[in-house]
Amino acid sequence: EAGVAQSPRYKIIEKRQSVAFWCNPISGHATLYWYQQILGQGPKLLIQFQNNGVVDDSQLPKDRFSAERLKGVDSTLKIQPAKLEDSAVYLCASSLRRNNEKLFFGSGTQLSVL
Amino acid sequence: DQQVKQNSPSLSVQEGRISILNCDYTNSMFDYFLWYKKYPAEGPTFLISISSIKDKNEDGRFTVFLNKSAKHLSLHIVPSQPGDSAVYFCAASDSRGSQGNLIFGKGTKLSVKP
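Here the protein sequences line up with chains U and Z, keeping their order.
Everything in the first sequence is counted per the numbering used here, starting at 1 for the first residue and increasing by one.
Everything in the second sequence is counted per the numbering used here, starting at 1 for the first residue and increasing by one.
These aren't lab readings, by the way, just hints derived from the structure by calculation.
Just so you know, not all the hints are guaranteed correct.
Under the rule of at most 27 Å between Cα atoms (straight-line distance), these lysine-lysine pairs were calculated in the DSS-like manner [claimed, not checked]:
#1 U:15 to U:71
#2 U:62 to U:83
#3 U:11 to U:78
#4 Z:5 to Z:54
#5 U:44 to Z:113
#6 U:102 to Z:54
#7 U:71 to U:102
#8 U:102 to Z:5
#9 Z:54 to U:83
#10 Z:109 to U:44
#11 Z:56 to U:62
#12 U:83 to U:102
#13 U:44 to U:78
#14 Z:71 to Z:109
#15 U:15 to U:78
#16 Z:71 to U:83
#17 Z:109 to U:71
#18 U:102 to Z:106
#19 U:44 to Z:5
#20 Z:106 to Z:56
#21 U:44 to Z:68
#22 Z:106 to U:62
#23 U:83 to U:44
#24 Z:71 to U:44
#25 Z:56 to U:78
#26 Z:5 to Z:56
#27 Z:56 to Z:71
#28 Z:109 to Z:56
#29 U:15 to U:62
#30 Z:68 to U:11
#31 U:78 to Z:106
#32 Z:106 to U:11
With the hints as extra help, turn the sequences into a complete structure.
And the structure:
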């Protein structure tokens with residue numbers, strides 16, 4: 001069974017630039033999550049999708065972050081414009097259904113904002 | 001305010017001995033707890049979980065203990081192996097909540113020395 005795929009693995013940008021991350025969840029997983037993990041912290045949920053609808057985006061900084069999950073499969077997370085404090089690993093995860101706590105994570109995208 | 005706390009950033013243990021990783025939580029609505037293991041440059045992987053209706057769950061070398069009155073859980077690894085060296089995250093959720101989102105601690109870095 002293929003795992004959660006994410007790209008790119010690394011990204012370095014300057015502040016005020018824009019960046020996008022891509023995620024393809026495990027086939028058949030209805031729920032997709034984007035987490036932000038700042039160095040020395042645990043992962044923090046940014047947004048949760050159930051199929052192609054948003055379930056929870058309460059912690060997403062909507063003035064600069066956006067995410068979509070067209071067709072209920074893969075997803076894109078965008079930051080525009082980036083700030084220095086956005087430097088983090090962005091993790092995508094998926095689960096079979098909503099409220100299924102067993103999440104499967106991708107390897108993440110490490111973002112450095114200079 | 002941190003709802004899930006892992007107060008030990010690191011732990012060093014000799015191979016073959018027991019590793020005990022601790023986690024405290026503050027939200028009494030949490031009813032499901034998980035441990036994730038993370039190697040460098042990889043996403044977290046699910047290790048073991050426990051529901052609040054239990055006080056112990058065992059899977060091979062890994063056992064999780066839950067003390068609801070103290071709002072404390074611990075992960076025991078016996079015997080510890082060098083391959084167990086990783087960052088361990090404690091996570092909790094309120095499965096009766098609308099999203100059941102996982103709240104993660106900051107992690108404990110375990111080093112198992114040969």
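A quick look at each hint next to the structure:
no.	hint	verdict
1	U:15 to U:71	violated (31 Å)
2	U:62 to U:83	holds (13 Å)
3	U:11 to U:78	holds (13 Å)
4	Z:5 to Z:54	holds (21 Å)
5	U:44 to Z:113	violated (31 Å)
6	U:102 to Z:54	holds (18 Å)
7	U:71 to U:102	holds (23 Å)
8	U:102 to Z:5	holds (20 Å)
9	Z:54 to U:83	violated (44 Å)
10	Z:109 to U:44	holds (18 Å)
11	Z:56 to U:62	violated (41 Å)
12	U:83 to U:102	violated (32 Å)
13	U:44 to U:78	holds (16 Å)
14	Z:71 to Z:109	holds (22 Å)
15	U:15 to U:78	holds (14 Å)
16	Z:71 to U:83	violated (37 Å)
17	Z:109 to U:71	violated (39 Å)
18	U:102 to Z:106	holds (19 Å)
19	U:44 to Z:5	holds (14 Å)
20	Z:106 to Z:56	holds (23 Å)
21	U:44 to Z:68	holds (24 Å)
22	Z:106 to U:62	holds (24 Å)
23	U:83 to U:44	holds (17 Å)
24	Z:71 to U:44	holds (21 Å)
25	Z:56 to U:78	violated (41 Å)
26	Z:5 to Z:56	holds (20 Å)
27	Z:56 to Z:71	holds (14 Å)
28	Z:109 to Z:56	holds (23 Å)
29	U:15 to U:62	holds (17 Å)
30	Z:68 to U:11	violated (42 Å)
31	U:78 to Z:106	holds (25 Å)
32	Z:106 to U:11	holds (24 Å)
The earlier numbered hints that this structure contradicts are 1, 5, 9, 11, 12, 16, 17, 25, 30.
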